[in-house]
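*Asks:* Each chain is listed here by its residues.
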Amino acid sequence: MNTVDRRRRLGPSNAIPLSFPSVESNSDIENTSVSSFNEQKLFIQLSNIPTATGSSFLQLGNNLLLASVYGPRPSFKRTFNSKAVLKITFHSSPFLSSRQTESTFNNNNNNNNNNHLNSDIDPEYQIVNSVILSTLETACSNLILLDQYPKSSIDIFVNLINTDKSTKFIELLSLIHTAVNLALIDSGISVKNFPSSIVSSSSSSSSSSSSSSSQIFINSIHSDIYDNDDEKDLQNEELLTFYIPKSTNNNTNIKSTLKDSIDDAIKQSRALRSELSQFCYNKL
Amino acid sequence: MSAYTAKQNILQQVDGSATFQFSTTKIISSITGPIEVARPRNEKPTEAFLSISVRPSTGTPTTREAFLEVKLKKILSCMINMEQYPLSEIQIVVQILESGEREQFTCMELACAVNSLYLALLNAGISLKASFLSSFCASKDDNIIVRPTKEELDTSTANHLSVFSISDGKADELIYSDSIGKTTETELFSALAAISSDVNKINETVREVILQSVVDDYVWKF
Amino acid sequence: MSQNIENVQLKGVIFSPSELALVAPDITLTKYIKAGYRPSLRRFNEFKPMIISTAGISRYDISLLNDGKKINELTTVIGSSSIKCGGTSTICTISAGLVEDNFEAVNDYRMRLDADIIVNNDDKNEENEEIDNILGGNLINKNGCVYPVIEIAKGTTGPPGDEEIGLGEKLYETILHSGLINREELKVDVGLKSIDENGNEIILRGDDVGVIKKKFSFVIYARIQVFGKTGPLFDQCYASLVKALSDTKLPEVYLNERESNLRTKSGKRNANINIQSYDLVCDSVKYRKLKLRKDRICWSSTFGIVDLSSLNKEDNEGDIDIITETEEDIEQSILLTDLEGEAENNLSKRISVLSNGEGFFTSITIEKGNGSRITTDIIKQALELSQVRAKDMIPKF
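Protein chains in written order, with the UniProt record's numbering: chain H, 1 to 284; chain W, 1 to 222; chain U, 1 to 397.
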């Protein structure tokens, strides 16, 4: 097979990528200091790409993300579509590849990093493109009122510009969803309600020992029904998508903790949502 | 200065073809058209669509050839009377037979391709706004070497390529010029002057080639 | 049927300015130019402000997260830049690879043919001469290059289009021929990691390392992402690449001792030696800055040229306003800086200049396009203007 990329100038094919051994020192300090992921300051910029319908730029620590929404544009497919076709693309910088399982830039020779280095990556930190795409697709198709845009297509692009070793995959996932949510809000495309996504760790629950393993990610909106009582109103939340990482120590009472942690997550999600909607309101 | 040869009407299955050779660089190009547009989305209502493909002497086309295609398109689209062929396509194929320069340079191949395309377009009977020819030079220590050899190009500090239109047998208008490497304003203008006088020289031979192929055609017909 | 034709009346259609800009961008442009302004409300030779900064996302940028670490271990990005110019933003990231010298070029079959090595494979002892030959004589042997990949966000997926390829090739060509990077600067001083008598890790270099006969060089990759394109992009891409290169830090490289005794069949005939077996490892902390040749740092300016006289004629045909000075046939070409918007982007008559602000140029491209004759005056004017701009902008790198 001819593996030469004819559309990109990639340099000599026999070049070997840089491989850096990890620094062993300070690793203990690091683990203790990153617990406050949700407490870090989030930088948001909206409408930073004028050619896109909506776009958002997010920075949280070393994590830099850019989401852009194009459309609704007329779709020239021969078949008739009664609702908009949604297409989501996730790009991450090819130079970040050491943490990825499925590379979108397989033809890029910068990327054939030594695979043996990948094997010993903590699954909590491994970036899984398929999870990102499937959760994004579920969330967006539940969120956007696709029926309002027949015969058209909406394209969503997410660019992961930078991330670091201390950000867990699930935390990155929630950032990606936040970026897409904000870009959609910015685009003015009809959505059901104001979405917000959050990672919640149920450390407040009784089993405090396994706090790291029981994290849950949800992306949700408020449903049409409202309740005056705050506690009861938690029932009126509509989940767009959620993700629970495979936990290493299987809890026996997972079903009971799941409800608690979702309630917990919804509370946090609503707190974030009120801040985000305030932010977007001020932008208007 | 390297020698050059040219020949028209080489291929039988296309509308026009020609070879052009600058000592070590040899290119054959063919023109098919105006024909029906192959892909509907390329169809332009007011002008012709140029589909240009450059094939390297060895291997498959890379970004280098794609860039040559972009440059050729810029040059040709302002020399062909594009408005005369609306809704149609002109297929242009440039096959590099001998590259004659290193992979890092393109000026020899581009100049050679432009000249061979001029002959091929004439041969195909495509309407042109003007005649045009191209040449190149290299500069080293304030010296201008017109049509340098491969080795001279390697040791030069800059190289210049220009395309001139021809009017009354003389280089007339500057159509395209590309200079890369460390150069100055005075060097650029002296290079342009050197190239235009070289184009005049090439034109004398090229005219004879065209005359010859017209004569050959007539012999065949009567 | 002929009666019908007589009854046909031609009605004037009136477009609002925004509609006209969509329907006939060229007419709108002429109207603006006559008024002395451009659609962006800039003056003809007014440049667009450009904000140049490092993006701070390379490995060696001190982490924003205060986690006690000085480097971001996850990325192999060793230089970065971010540029904002109007609505267009550009992010450039630099990474690198290692390649064995006199191997990089030989591996390419086409270059082997060019360099005639396949034919004259017998004279093996003239190694240096041969390297010169392969790498392309004096000039190319002295200049390093960068392999750029450009991505323009258009809201579609697919392989790079003609524009992206063109930009990438032009960047490659100009960096290589301008001699911005000294090839020597890319050579790797491979060290040997070992453990001394006291059990401390030491790194041997130079003469202490007898084993390493092969020479290695860095290959530099660049990835440029462009968001929100409004006009020609080369100026911005070049600026972001140079800025990122000036931010680039090359890691120190050493050989793991355990691996260094590995014997491979060397010699030029066996081009497929597996160099991975050398196990070259980069030092995760130590680095040196990539030095650029200061006098070769240029600023790129692309000018579009509008011919007023030729546009005047067009204006007469489909006109709405009354034109007063149509009789005058002044051949006037106007140089527009930093093209923006559809109408200006459609101008095919262009001059693109890379100037270092001190009288030198590393690339000049002149395209006549569909305009009138290109005069010496307009070329001189463009060169001069680009120098002024370069003087202003180069200190910002």
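Treat the hints as calculated values from the structure; they're not laboratory data. Computed from a prediction, not measured in an experiment: that's the story for all the values here. Please note that the accuracy of each hint is not assured.
[What the hints assert, rightly or not] Result set (BS3-like, lysine-lysine): computed pairs, CA atoms no more than 25 Å apart in a straight line:
id, chain 1, residue 1, chain 2, residue 2
1, W, Lys150, U, Lys142
2, U, Lys249, U, Lys229
3, W, Lys73, U, Lys154
4, H, Lys77, W, Lys44
5, H, Lys283, U, Lys396
6, U, Lys229, W, Lys182
7, U, Lys291, U, Lys142
8, U, Lys48, U, Lys154
9, W, Lys26, W, Lys150
10, W, Lys150, W, Lys140
11, U, Lys154, W, Lys182
12, U, Lys380, W, Lys182
13, H, Lys283, U, Lys84
*Asks:* Does each hint fit the structure? Answer for all of them.
*Replies:* We went through each hint and held it up to the structure:
no., hint, in the structure
1, W:Lys150 / U:Lys142, "17 Å, holds"
2, U:Lys249 / U:Lys229, "29 Å, violated"
3, W:Lys73 / U:Lys154, "23 Å, holds"
4, H:Lys77 / W:Lys44, "21 Å, holds"
5, H:Lys283 / U:Lys396, "32 Å, violated"
6, U:Lys229 / W:Lys182, "30 Å, violated"
7, U:Lys291 / U:Lys142, "14 Å, holds"
8, U:Lys48 / U:Lys154, "22 Å, holds"
9, W:Lys26 / W:Lys150, "13 Å, holds"
10, W:Lys150 / W:Lys140, "14 Å, holds"
11, U:Lys154 / W:Lys182, "34 Å, violated"
12, U:Lys380 / W:Lys182, "17 Å, holds"
13, H:Lys283 / U:Lys84, "21 Å, holds"
Hint violations for this structure: numbers 2, 5, 6 and 11, all remaining hints satisfied.
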